[in-house]
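**Student:** Quick mapping for you: the protein sequence lines, in order, are chains A and B.
Take 1 as the starting number for the first sequence in this note's numbering and just add one per residue.
Take 1001 as the starting number for the second sequence in this note's numbering and just add one per residue.
Please keep in mind that the hints were generated in silico from the structure rather than gathered at the bench.
Treat the hints loosely; a few may be bogus.
Stated by the list, open to error - Among chain A residues calculated to face chain B with C-beta under 10 Å, some are:
| # | residue |
| --- | --- |
| 1 | Arg26 |
| 2 | Ala28 |
| 3 | Pro31 |
| 4 | Phe57 |
| 5 | Leu186 |
| 6 | Arg222 |
| 7 | Leu252 |
| 8 | Ala253 |
| 9 | Gln260 |
| 10 | Arg315 |
| 11 | Ser319 |
Owing to the predicted nature of the structure, the values given are computational and were not obtained by experimental measurement.
Positions of the beta carbon are idealized from the N, C-alpha and C atoms, including for glycine.
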Amino acid sequence: MNRANGNLPPQGRLSRNIIYFVRTLRRAGVPVGPAQTLGAIRAVEAAGFSERRDFFFTLRACLVSRAEHLDVFERVFSMFWRDPEFIETMIQTMLPMIQTQNAPKAPKTAEQRAAEAMLEGAPPPAQPDVEDAREEVELDAEFSLSANEKLQSMDFEQMSNAEMAEAKQAIAQMRLPIKPIRSRRLTPSHSGSRIDARATLRGAMRTGGEVLKLPRKTQGHRNPDLVALCDISGSMSTYSRLFMHFLHSVSLAKGQGWAQVHSFTFGTRLTNITRSLSQRDPDAALKTVGQLAKDWDGGTRIGESLADFNKNWSRRVLSRGAVVLLVTDGLERQDPEELSREARRLRLSSRQVIWLNPLMRWDGFSPQAAGIRALLPHVDSFHSCHSLNALRDLTEALSTGGSGEKQRLMAML
Amino acid sequence: MPSLPQSIDATQAMLSDENYICDRSLATLVYLALTLKRPVFLEGEAGVGKTELAKTLAKALGRDLIRLQCYEGLDAASAVYEWNFAAQMIALRAAGEGGLAEEALFSDKYLIRRPLLEAMQPHENGPPILLIDEIDRTDEPFEAFLLEALSDYQVTIPELGTIKAPEPPIVILTSNRTREVHDALKRRCLYHWVDYPSFEREFEILQARAPEASETLSREVVAFVQSLREADLFKNPGVAETIDWAKCLVALDAVALSPEVIADTLGAVLKYQDDIAKLAGSEATRILDTARARLSTQ
């Protein structure tokens, strides 16, 4: 193909192939809009390529807008343009499957499955727990304590399935309070510190050049980002699952609260689950999280995971004064030296590090484990997160800006 | 004024004449941007030559370079235009009782042009190169504003009306990816991820940019930096660091790398204390050995 016949009519064979190619690309998970497709067709016309690699670069420049998609693009490209018919047949054979995938599914079973996925591997489900709980509730009834109040202070780990479901509902209502940070952008304000020259001039125009008042402006506020790092190792099992619910409700409320919420899980390796959590349906969201993170209920390598985060993500997600929520029991099985070093770097590159530790539920909790001793000096505040009440206290503590239990524990170090 | 290149090969040749050595993929992108008049979005680690591309293009095409350095809180007053209030006030007071007509007060005379407006004005050397640097440092509202400005190449000043560029400027946006820029903006652009170059490419770049370094030294420097990028560092050195380092070594009359020379000049390559500490002692020697082994096989 040369430049002479580069002026393709939009119905040309090549354009049609590009459209097919875009379809395939979309199916492979690269979002491409119609405007981009049109742009690609025009670009191919303009480039008048004579070589396959130019064609490749042209399409890539037009159709990909994220570095993560470069790989997928390359694979789809080499498969598609080697043998487009192969892919077509693949699509044809897959069509019925795809249609069934899109068909409305019975919500009940899906929810159940998601629930199963969530509870998979949780401490032996519940039969004895239910008995225990019932007994306790009866006991409580004697002290005229309602079941609801009981639920508030109950440790998540002790809950029966039914109680857990109720707790999840309560969690879905929770929001993480936010402390806005100062923006450099100026907004009009009566008591602002700077004079709004433009408004002053406008006023003076109306009064024939006489300045009668000085309108003012001041620095506005903006909401910071939230970055959650959640330990999903075996020792955190129940809490991390519930915390996922909490994170999901916080992520969805981003319009009213945090500017952006980035979430990661870690056990033996770090997984970015931000996109999964952005699905509106909590069951669907948590199901994809379950599939994405392969290290549920495994061991913990906190130091290594933090190192991975610091190296590959911190510059991308912490640059605008983000608050870090670190959810872990701090039971590190590796080198506490590394953990301490990485925690320090995390502290230096974020606005605030908040540590949530479910182990705090025990009254006699003291920072004995090496991991906890390594981590504690580098966080700004330390809170428990083992029950609904604890989570509620947390939201209060965050809005007042206290350091939680950190001071008390630091004294014990 | 030099004319626009007519093919991808010509684009690559034009860039390399100005000592900007790039892969064919980037040349294709530049060619398309010039032909289709679409903005370019360059993303990549610091020091891989994103900003340099804009400077090179301006030089090669003989166009003016207009640079908008982004930062947090960047607003229209510093990006587009501002009125010279002090002068306006004086004019208003001087006019006295009769006052001043609005047209006289909000005229060109009192308008301070900032980069975006400047880029929309006619230029005698042809449409300028508009470099919007480190777009990831601004916030979403400014991105949304840019989206509007870049789709029609026009800006509106309430007091003056809409100002439209006679010919669209050549727009280059860069991002260090310290946060994700919104997809809507990226989709209007031709996107390119600028990666670290291969050994041969980096060697060519170094020869072009630091010709004073001998070939042997250049090879060693490039091999060492390439091996450094494989080591587990917090911040990998970019091409800019490679060039800087070679220049430092030439200034110190070093003819070849040795652990001592490396230790003395490491600050030119690595910019984090953790990384420098990591390379203290035997690690530098080990990487130097890997680099030499690599050189001997090539």
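**Student:** It remains to establish, for every hint, whether it holds in the given structure.
**Tutor:** Now the hints, each set against the structure:
no. : hint   : result
1   : Arg26  : 14 Å, violated
2   : Ala28  : 17 Å, violated
3   : Pro31  : 7 Å, holds
4   : Phe57  : 4 Å, holds
5   : Leu186 : 7 Å, holds
6   : Arg222 : 7 Å, holds
7   : Leu252 : 18 Å, violated
8   : Ala253 : 17 Å, violated
9   : Gln260 : 8 Å, holds
10  : Arg315 : 5 Å, holds
11  : Ser319 : 4 Å, holds
In this structure, the earlier hints numbered 1, 2, 7 and 8 are contradicted, and the remaining ones agree with it.
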